[in-house]
Amino acid sequence: MTLVLDQVSKSFGGLAALSDISFKVNDGEIVGIIGPNGAGKTTLFNLITGIFPPTEGKISYHGKNLLGLRPYKVTALGLARTFQNIRLFGHMSPLDNVMVGAHCRTKAGVWRGLWRTPAQRKEEKSTRERAQALLQLVGIENDTDSPAGSLPYGQQRRLEIARALATEPELILLDEPAAGMNESETQDLRLLIKKIQMMGKTVVLIEHDMNLVMNVCDRLVVINFGQKIAEGTPAEIQKNPLVIEAYLGREEA
Amino acid sequence: MDIILNQYYLQIVIFVLVNAILGVSIYMTLSTGQLSLGNAGFMSIGAYTCAILTVKAGFPVYLAIPIGGAAASFISLIIGYPALRLTGIYLAIATLGFGEVVRVIILNLKITNGALGISGIPTLGTKISKMLSSFGLSRFGGLTAQQTSNLLVLVVLIFILAFLVFFCTRLNRSRVGRAFASIKADESAAEAMGINTTYYKLLAFALGAFIAGMAGGLSAHLTFFIGPKDFAYHRTVEILSFAVLGGSDLIIGPIVGALLLTMLPELLRSASEYRLMIYGALMVIMMAFRPQGLISKETVRFWKRKLGRRINQ
Ligand SMILES: Nc1ncnc2c1ncn2[C@@H]1O[C@H](COP(=O)(O)OP(=O)(O)OP(=O)(O)O)[C@@H](O)[C@H]1O
Ligand SMILES: [Mg+2]
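For the record, the sequence lines run as chains A and B.
In this text, residue positions in the first sequence follow numbering that gives the first Met the number 0: the first is 0, and each later residue adds one.
In this text, residue positions in the second sequence follow numbering that gives the first Met the number 0: the first is 0, and each later residue adds one.
Just so you know, the hints here were simulated from the structure itself, not pulled from any lab data.
Calculated Cβ distances over 10 Å to all of chain A for the following chain B residues: (1) 8; (2) 95; (3) 109; (4) 134; (5) 143; (6) 229; (7) 258; (8) 262; (9) 289; (10) 290.
Dumping the calculated DMTMM-like pairs for lysine to aspartate or glutamate here, alpha-carbon to alpha-carbon at most 20 Å: (11) B/305 x A/144; (12) A/72 x B/185; (13) A/23 x A/230.
Ideal placement from N, C-alpha and C gives every residue a C-beta, glycine not left out.
Produce the complete structure using the sequences and hints provided.
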C-alpha cells in the first residue's frame with residue numbers, strides 16, 4: 000500500500016468539508032477522485048500535501064506518517080501535485096519553472112552557485128537537460144523566451160505536470176488537469192497520464208471529464224458532500240445507484 | 000582632471016556608491032518578495048559594530064567592515080525567524096519597528112555613546128593611504144594626498160559594488176536564485192514544489208542584512224562621525240525609494256534609483272526649500288504611473304528588441 004487515508008475529516012469553522020474519508024492507493028495505480036463541485040476533492044489534496052492539517056484522522060505514505068510535515072517535506076518524500084487553479088511562476092520561463100521543481104533533488108548552495116564550481120556546473124547541466132526532456136514529454140517547445148504565464152491555457156496545465164514531475168515523485172496528484180482543454184488536448188493528456196504510469200509512478204487524478212476518468216483510471220473514489228459514497232472500478236461505479244443519484248439527482252433539482 | 004577630482008563631486012560619487020550598495024541590500028530581500036524595512040537598523044548595527052571595533056578596539060578597517068556585516072546578519076537571523084512568518088504590510092511594520100528598537104537601544108547604550116554618537120572614526124581614505132605608503136606607494140603623479148585617498152576610496156567602493164552585482168547575477172542564474180524567484184512569484188506553490196521557503200526567505204533576509212551592515216560600516220568610515228539620528232526611519236524610507244524609483248525586478252533597478260535619488264538633491268540644491276516636496280511628488284508619481292519602477296524586465300526586453308531591429312536593418 001502506498002498512500003493510506005484513515006478516517007480523515009476536515010472542517011473549516013462550522014463547515015464540514017470532509018468527513019470520515021478512508022481509502023488506499025496502491026503502487027502503480029491510477030486512482031480517480033470524482034464528485035460534484037464543492038464535494039471536497041481539492042481539500043483532500045491539500046490535506047495529503049500538508050497545506051493544512053486534517054481535523055481528525057491519519058494519512059500515511061509507505062508507512063510514514065504525513066501529518067505535521069510541511070509541504071516541501073511531503074514533496075521530498077515523493078509526492079508531487081498540480082493545482083486546479085493554475086499556479087505557475089508566471090514571470091519565469093517554462094524551463095525555469097520545471098527547474099524549480101528539481102530543487103529538492105539537487106544540492107548546489109550559494110557558494111557553489113557563486114563560483115560555478117565544476118560540481119555546480121555539472122548539476123546545473125543535468126537539471127537543465129532533465130527539465131528539457133520533461134518539457135518535451137508534456138509537449139511544450141522549449142524555444143520560448145516568453146514567460147510561463149503567457150502560454151496558452153492547455154500548455155500551462157501541462158507545464159504544471161512537467162514541474163511536478165521534475166520533483167521526481169513516486170506519486171503524483173493531478174487536480175483537474177483537463178479543465179479548460181479541448182477534446183484533442185484531453186486525448187493527449189490521457190496518453191500523458193498513461194505514460195506517467197508507465198514510468199512507474201502512481202497517479203491520483205481529480206477530474207470532472209467522465210470520459211477521461213472512465214478511460215484512464217484503474218479505480219475510482221466518489222465523494223459527495225464531503226463523504227465517500229462509493230469506491231470501485233469504473234465499470235462498477237457507472238452502475239452504482241448512489242453515484243447515479245449523486246450526479247443525476249443534481250440535474251433533476 | 001581638476002573637475003573630476005573636485006572634492007565636492009568625489010564626495011557625491013562616494014555617497015552614490017554607498018547608496019547603491021544599500022540599494023542592493025533591499026534588492027536582496029525583495030528578491031524573495033519580502034518587503035523588509037529593517038535595512039536602516041541593519042545598517043546601524045554594521046556601522047556601530049565597525050566603528051566600535053576600529054575606534055575602541057583598534058581593529059583594522061578591512062576586518063571591521065565584514066564583521067559589522069556579520070553582526071547585522073546574525074541579528075537578522077534572530078529577528079527574521081519569527082518575523083518572516085509575517086507577510087506583506089505586517090512584515091514591513093514589524094521590521095520598521097525593529098529599526099526603531101535598534102535606534103533606541105543605540106541611544107541608550109554606553110558603548111555607543113548615546114545621542115552623542117561616535118566621532119573620530121578614522122576615514123577609509125586615510126587608512127588606505129597609510130596602508131599604501133607602508134608599501135612605499137605614497138603619491139600618484141601630481142595628485143595631492145587628499146585626492147589620492149579619495150580616489151582609492153572610490154576604487155574600493157566600485158570594487159565592492161561590482162562584486163555585489165556579480166554575486167547577485169550569478170545567484171539569479173543558479174538553483175538558489177530560482178528558489179528565490181519562485182517564492183517571490185508564489186510562496187505556497189514554491190513550498191509545494193519542494194522548496195523550504197522559510198530557509199530561503201531567511202537566507203535572503205540575512206544576505207540583505209549583511210550587505211546593509213557592510214554599507215553601514217563603510218559609511219561610518221567615510222563620514223568621521225556616526226550618531227543614532229543617521230539611521231532613523233527616514234533612512235529606511237530613502238533606501239526603499241531606491242527600489243521604488245529604479246524598480247526591484249533587476250539588480251540594476253535599485254542601483255539606478257540610488258544614483259538618481261542621490262544626485263537629485265544635489266542638483267536641486269538651489270531650490271533646497273522645495274527639495275523634499277519634489278522628492279515626495281516623484282515618489283507619488285512613480286507609485287501612480289509606474290509601480291514596477293523605471294527598469295523592469297519588460298523594459299529590458301523592449302530595448303533589446305528595439306536595438307536588435309535597428310542593428311538588423
Ligand atoms: N481554505 C478553505 N477555507 C474555508 N473553506 C474552504 C477552504 N477550502 C475549501 N473550502 C470549502 O470546502 C468545500 C470543499 O471545497 P473543495 O475545493 O475541496 O471542493 P472540490 O471538490 O475541489 O470542488 P471543485 O470540483 O469545484 O473543485 C467547499 O465548500 C469550500 O468552500
Ligand atoms: Mg477542486
